[in-house]
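**Q** Work out the full structure, taking the sequences as your base and the hints as a guide.
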Amino acid sequence: MLTIKNLKASVAGKEILNGIDLEIKAGEVHAIMGPNGSGKSTLANVLTGNANYEVTGGEVLFCGKNLFDMNSETRAREGMFLAFQYPIEIPGISNATFLKTAMNEIRKYHDQAEITSKEFISLLKEKSKLLNMDENMVSRYVNVGFSGGEKKRNEILQMLMLEPKFVLLDETDSGLDIDALRIVANGVNIYRNSGNAFLVVTHYQRLLNYIVPDFVHVLYKGRIIKSGGKELAFELEEKGYDWIINPELEKVF
Amino acid sequence: MSGELKNSKDWYLSVFPSFEKKLNGGSKSFLHGIRKEALAQLAEMSFPTLRNEDWKYTDISPLLKNNFIPAASLEQVSFTGNEIEKYLFKDFDFHLLVFINGVYSTELSKVGALPKGAVISGLSKASKENPELIRRYTGKSTVRDNAFNTLNAAYAVDGLFIYVPDGKIIEKPVQVLFINSSPDKEILSVPKNLLVAGNDSNVSVIASYAGSGKNGYFSNIVSDLFIGERATVDFCKIQEENDNSYHIEKVQAYQQKGSVYNHFNIMFGAAISRNDINSVLEGENTETHYYGLYLANGNRLVDNHTFVDHAKPNCMSNELYKGILDDESRGVFNGKIIVRQDAQKTNAYQKNKTILLSKKAKIDTKPQLEIFADDVKCSHGATVGQLDEESEFYIRSRGIPQEIAKSMLIRAFANDVVETLKIDALKEQLNHKIFEHLNRVEIENKL
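Protein sequence lines correspond, in order, to chains A and B.
Take the first sequence: its position 106, counting from 1, is numbered 106 in my numbering, and each next residue is one higher.
In my numbering, each residue's number is its place in the second sequence (first place is 1) plus 253.
Read the hints as simulated data drawn from the structure, not as lab findings.
Bear in mind the structure is a predicted one, so any value in this text is a computation, not a measurement.
Glycine included, C-beta positions come from ideal geometry on N, C-alpha and C.
Among the clues, some could well be false.
Covered by chain B, according to a simulated footprint, are these stretches of chain A (three or more residues, beta-carbon under 8 Å) [as the list claims (entries may be wrong)]:
(1) 2-13
(2) 48-57
(3) 81-92
Cut-off 20 Å, straight-line C-alpha distance, at most; resulting in silico cross-link-like pairs (EDC-like, lysine to aspartate or glutamate) [stated by the list, open to error]:
(4) B:K699 to A:E119
(5) B:K606 to B:E581
(6) B:K699 to A:E114
(7) B:K467 to B:E338
(8) A:K14 to B:E643
(9) B:K589 to B:D398
(10) A:K108 to B:E656
(11) B:K686 to B:E493
(12) A:K118 to B:E581
(13) B:K680 to B:D669
(14) B:K699 to A:E105
(15) A:K151 to B:D641
(16) B:K699 to A:E135
(17) B:K659 to A:E89
(18) B:K659 to A:E105
(19) B:K659 to B:E581
(20) A:K108 to B:E695
(21) A:K151 to B:E643
(22) A:K108 to B:E697
**A** Below is the structure:
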């Protein structure tokens, strides 16, 4: 589904990603872990087309298409979704307006008819329920006055509504208490199937207890320095990053 | 009228005799005494230039290049009820007053039932029916401190008149529509608005100014608001003059103790517009809220000067002005707050935020705080920026195109001013107008 080849990227002239190679197939959940500043969020932002990040090398194929030929909205319509670490508040725009606009743009792109208000509302009710979300949040403004946990749940709600093929979760566990974490993870697990794929960016192993990955990659200084199965996450939790990083440093010097 | 253009002041001094002739009985009214006095005063004044501190960023020379004809000198342009329909704000109940070129239209207005003693009318009509009442307040009315408001005093024959007796509440808002239009002449429209809210009274006014047709004109308004003790007055101005017009208004409020005054100022149109929104807090424990939203595109200029004069202790004023400027438009904001020595325990806040949608749009913003009391809380802040890129990215990352993302962020930016309006139907209609005036894709909260 997603093939990343030697991807390099910079922010404000500073090189952050130094050559990433990664292959993600449908049905797989990959986790990217790493210390602060290793480039995890940069990877998520580059893949979804944030203009503040500059791609300086490499290529990414998304379902066979060159990702960098597409702007953010086209990537979304092709099925890419990023659950933001810090979701944005949009006063004056209701959740319903926002979501319905997004859904219809995606439908239009695929030559599908617009969703009717009735269909939309019943779908929204169904999905909100899965996330224990209050029904009247639809008329509230996007993320305005939402707690940290509500914002993250709202990201997952958007995912369930937009039905993307490939989902990036950027530090989705940050700021969540254990109950909220369970609800969010549950939403992801319900959605997870053989036709879609996930890339979970996280600093801590905690989230991976609930969203169990098939592969774990350690990102350090803009490169993947170690890959393994889900047990690698436990190892990292126990021993920290140093044991992987230090041999790497030795190699460099 | 000669073909040669006269300089503005000479022009306005020279057309007075022909204006006077058209007044008929009106020239015998006590209001005419005020006019003649103002004309004499105008003769001694000059229209402001960029050298005047208060007009430093606002070049009004294009306005002064025209010889506008006082509307009262001309035949009235007539409108039907159907024709004014499109200028009205709808979906709520209101008392309706209509003014054509600043002159009250009895036919088009629908005042309806009012509490005993309350008057909602045209100033000219009211001055015949209640001369004593009008005389009492026009005597107190505004300081004439520049050539524009003096010009208004010299030529005004009519305007909005609202009188709410002590203890009375006008339940429905008063919608006042000022339509300016002339098919062949460039007219001067000079409404003189007067609102008197008695002690413990309550009234809400929506005054909208609209231009019909393409011909340029000059809408030069003075509004005086006398707000009694513990009264609540909401006054909302919505300006949608046509592209070739000029719009200048001075609003002067006098607030007595315990009163609450909310002024809303929504600016959409006109080639050049200027507001002077002044309040004197003459009693203790008053509240004053100024909310402004100014939009400009093309090469329009929009200038808001606000002034809150804290003369007494324990008063609160809060001001939020937000602007969206596109193309080569220009904005000016000058927010003045004086806290006089006597005005201890004053809370005064002011915020001005402007979004520039194009590289060529420009804003000059200046807070002006003069504080002479020592136990006060005052703050001010001004920001100028672009639509937030991270927010735009968030919206686009959901499949929404850039153009709509920008519209959503425009609506989000305007929201905290629009939300302060108390009539829900009005909020959605104003949101619609934001996109209409900016020529951008509309965002509607609808299911």
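**Q** State for each hint whether it applies.
**A** Consistency of the hints with the structure:
A stretch counts as covered by a chain when three or more of its residues have a beta carbon under 8 Å from one of that chain; for the segment 2-13 of chain A and chain B the count is 0, and the coverage is violated. With a threshold of 8 Å between beta carbons, the proposed coverage of the segment 48-57 of chain A by chain B holds, since 5 of its residues qualify and at least three are required. Look at the segment 81-92 of chain A against chain B: 8 of its residues bring a Cβ nearer than 8 Å to a Cβ of that chain, three or more, so the hint holds. For the proposed pair K699 of chain B and E119 of chain A, the alpha carbon gap of about 14 Å is at most 20 Å, so the pair holds.
In summary, the hint linking K606 of chain B to E581 of chain B is supported, as the alpha carbons are separated by about 18 Å, within the 20 Å threshold. Annotation: proposed proximity of K699 of chain B to E114 of chain A holds, straight-line Cα distance about 14 Å (limit 20 Å). This hinted pair checks out: K467 of chain B and E338 of chain B have alpha carbons roughly 19 Å apart, not beyond 20 Å. For the given pair, K14 of chain A sits about 19 Å from E643 of chain B by alpha-carbon distance, which is consistent with the 20 Å threshold.
With a C-alpha separation of about 16 Å, the suggested pair K589 of chain B and D398 of chain B falls inside the 20 Å cut-off, and the hint holds. Pair hint K108 of chain A plus E656 of chain B holds up; C-alpha atoms about 16 Å apart against a cutoff of 20 Å. Taking the CA atoms of K686 of chain B and E493 of chain B, the gap is about 9 Å. The hint holds against a cut of 20 Å. Proposed proximity of K118 of chain A and E581 of chain B is contradicted: the alpha carbons are some 44 Å apart, above 20 Å.
For the given pair, K680 of chain B sits about 11 Å from D669 of chain B by alpha-carbon distance, which is consistent with the 20 Å threshold. The suggested pairing of K699 of chain B with E105 of chain A holds, with an alpha-carbon distance near 16 Å, which does not exceed 20 Å. Between K151 of chain A and D641 of chain B the CA atoms are separated by roughly 19 Å; this keeps the pair inside 20 Å, and the hint holds. Of the supplied pair hints, the one linking K699 of chain B and E135 of chain A holds, its CA atoms being roughly 16 Å apart against a limit of 20 Å.
The suggested pairing of K659 of chain B with E89 of chain A holds, with an alpha-carbon distance near 14 Å, which does not exceed 20 Å. Note on K659 of chain B and E105 of chain A: the hinted pairing holds, with a Cα-Cα distance of about 15 Å set against a maximum of 20 Å. With a C-alpha separation of about 18 Å, the suggested pair K659 of chain B and E581 of chain B falls inside the 20 Å cut-off, and the hint holds. With a CA separation close to 18 Å, the supplied pair K108 of chain A and E695 of chain B stays within the 20 Å bound.
Among the hinted pairs, K151 of chain A with E643 of chain B is consistent with the structure: their alpha-carbon atoms are about 16 Å apart, no more than 20 Å. Distance check on the hinted pair: K108 of chain A and E697 of chain B sit about 18 Å apart at the alpha-carbon level, within 20 Å; holds.
Comparing the model with each numbered hint stated earlier shows that hints 1, 12 do not hold.
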